[in-house]
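Peer 1: Turn these sequences into a full structure, and let the hints steer you where they fit.
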Amino acid sequence: MQANTLISSSIKSIHPVEDGNKALEMMDQFRIHHLAIVKNNFYLGVISDKEIMSWNSEDDSIEEHLTNLAAPYVKYNQHLFDIVEVLEKNNLSIVPVLDEKNHYLGVITSRKLLYSIAKSATIQSPGGVIVLEMPDHDYSLTEIASIVESNNTKILSSYIISKPNSTNIEVTIKLNKQEVTAIIKDFERHEYKVSGSYKDEEADGDYLERYESLMRFLNP
Numbered sequence: 004m005q006a007n008t009l010i011s012s013s014i015k016s017i018h019p020v021e022d023g024n025k026a027l028e029m030m031d032q033f034r035i036h037h038l039a040i041v042k043n044n045f046y047l048g049v050i051s052d053k054e055i056m057s058w059n060s061e062d063d064s065i066e067e068h069l070t071n072l073a074a075p076y077v078k079y080n081q082h083l084f085d086i087v088e089v090l091e092k093n094n095l096s097i098v099p100v101l102d103e104k105n106h107y108l109g110v111i112t113s114r115k116l117l118y119s120i121a122k123s124a125t126i127q128s129p130g131g132v133i134v135l136e137m138p139d140h141d142y143s144l145t146e147i148a149s150i151v152e153s154n155n156t157k158i159l160s161s162y163i164i165s166k167p168n169s170t171n172i173e174v175t176i177k178l179n180k181q182e183v184t185a186i187i188k189d190f191e192r193h194e195y196k197v198s199g200s201y202k203d204e205e206a207d208g209d210y211l212e213r214y215e216s217l218m219r220f221l222n223p
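Each position in the sequence shown, counted from 1, maps to that position plus 3 in the working numbering.
Just to be clear, a hint being listed does not mean it is correct.
To be verified - Derived DEER-like restraints, expressed as beta-carbon distance ranges: (1) N94 with Q181: 36 to 42 Å; (2) N80 with A185: 38 to 44 Å; (3) L72 with H106: 18 to 24 Å; (4) V197 with S64: 55 to 61 Å; (5) T70 with D102: 24 to 30 Å; (6) T70 with T170: 41 to 47 Å; (7) H193 with D31: 52 to 58 Å; (8) I164 with S64: 23 to 29 Å; (9) E182 with L69: 55 to 61 Å; (10) D31 with E103: 32 to 38 Å; (11) D31 with E182: 44 to 50 Å; (12) L144 with D31: 39 to 45 Å.
Unchecked claim - Subject to a maximum C-alpha distance of 25 Å in a straight line, what follows is the list of computed SDA-like cross-link-like pairs (lysine to any residue): (13) K42 with L101; (14) K202 with E173; (15) K25 with Q5; (16) K157 with T184; (17) K202 with T145; (18) K78 with N7; (19) K196 with I147.
No lab work stands behind these hints, which were simulated from the structure alone.
None of the values given here were measured: they were computed from a predicted structure.
All C-beta atoms in this analysis are idealised placements derived from N, C-alpha and C, irrespective of residue type, glycine included.
Peer 2: What follows is the structure, given as structure tokens:
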């Protein structure tokens, strides 16, 4: 999934001659905390609501503060994971997208990105979920997949979470079959710790609850 397929059609950029008040109005309208600054189709940087509120006056024009602003972006053909990295490293609510000639194309919102991740993670696909816990040095997706496939089942998606204050990790796998009892027993025979499992309806509800929680976090 490339950046150019995730651009929001509704989020507008702002011209540097506009003042801080105008930028704050637009952020409130679009429910975001950043705006891309664009002049003659060239991207100049990103302005945040916190930066504007730190000015002596919100009546200042944006161009008066351009030299202090960061200019993170992704190219139109960069992958979903690159976009996530730029968002996380810069603590952004939007990521500007540029074409091969560095012309501004638009922005990707954190909300749109999260929705795309949720879709690509096969949340809506039927199947069961198994949660494993292990020391990080014992993790082998190849071995986990081998155990699953020996039960004529496939892994649709997986993700890893580091346990706080621990060297252990939690590995969650989504499978293409709802019945996971035999697979759990197989994991236990291989001395894996199974910390949780969910059937289809329970799993989808759990994923969606987490998704909705993240959406509320991103859009307070």
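Peer 1: Next step is simple, just say for each hint if it's right about the structure.
Peer 2: Each hint tested on the structure:
1. N94 with Q181: 36 to 42 Å: Since N94 and Q181 have Cβ atoms about 39 Å apart, the given range 36 to 42 Å holds.
2. N80 with A185: 38 to 44 Å: Hint holds: Cβ distance 43 Å, inside 38 to 44 Å.
3. L72 with H106: 18 to 24 Å: holds, 19 Å
4. V197 with S64: 55 to 61 Å: holds, 59 Å
5. T70 with D102: 24 to 30 Å: holds, 25 Å
6. T70 with T170: 41 to 47 Å: With a Cβ separation near 44 Å, T70 and T170 satisfy 41 to 47 Å, so the hint holds.
7. H193 with D31: 52 to 58 Å: The hint (52 to 58 Å, Cβ to Cβ) holds, given that H193 and D31 are roughly 54 Å apart.
8. I164 with S64: 23 to 29 Å: violated, 44 Å
9. E182 with L69: 55 to 61 Å: holds, 59 Å
10. D31 with E103: 32 to 38 Å: Hint holds: Cβ distance 34 Å, inside 32 to 38 Å.
11. D31 with E182: 44 to 50 Å: Since D31 and E182 have Cβ atoms about 49 Å apart, the given range 44 to 50 Å holds.
12. L144 with D31: 39 to 45 Å: holds, 44 Å
13. K42 with L101: Within the cut-off at roughly 13 Å; holds.
14. K202 with E173: Cα-Cα ~18 Å, so holds.
15. K25 with Q5: violated, 31 Å
16. K157 with T184: Measuring from Cα to Cα gives roughly 15 Å; hence the hint holds.
17. K202 with T145: Holds, because 23 Å separates the two Cα atoms, which is no more than 25 Å.
18. K78 with N7: holds, 8 Å
19. K196 with I147: Cα-Cα ~12 Å, so holds.
The structure fails to meet hints 8, 15 from the earlier list, while all remaining hints are met.
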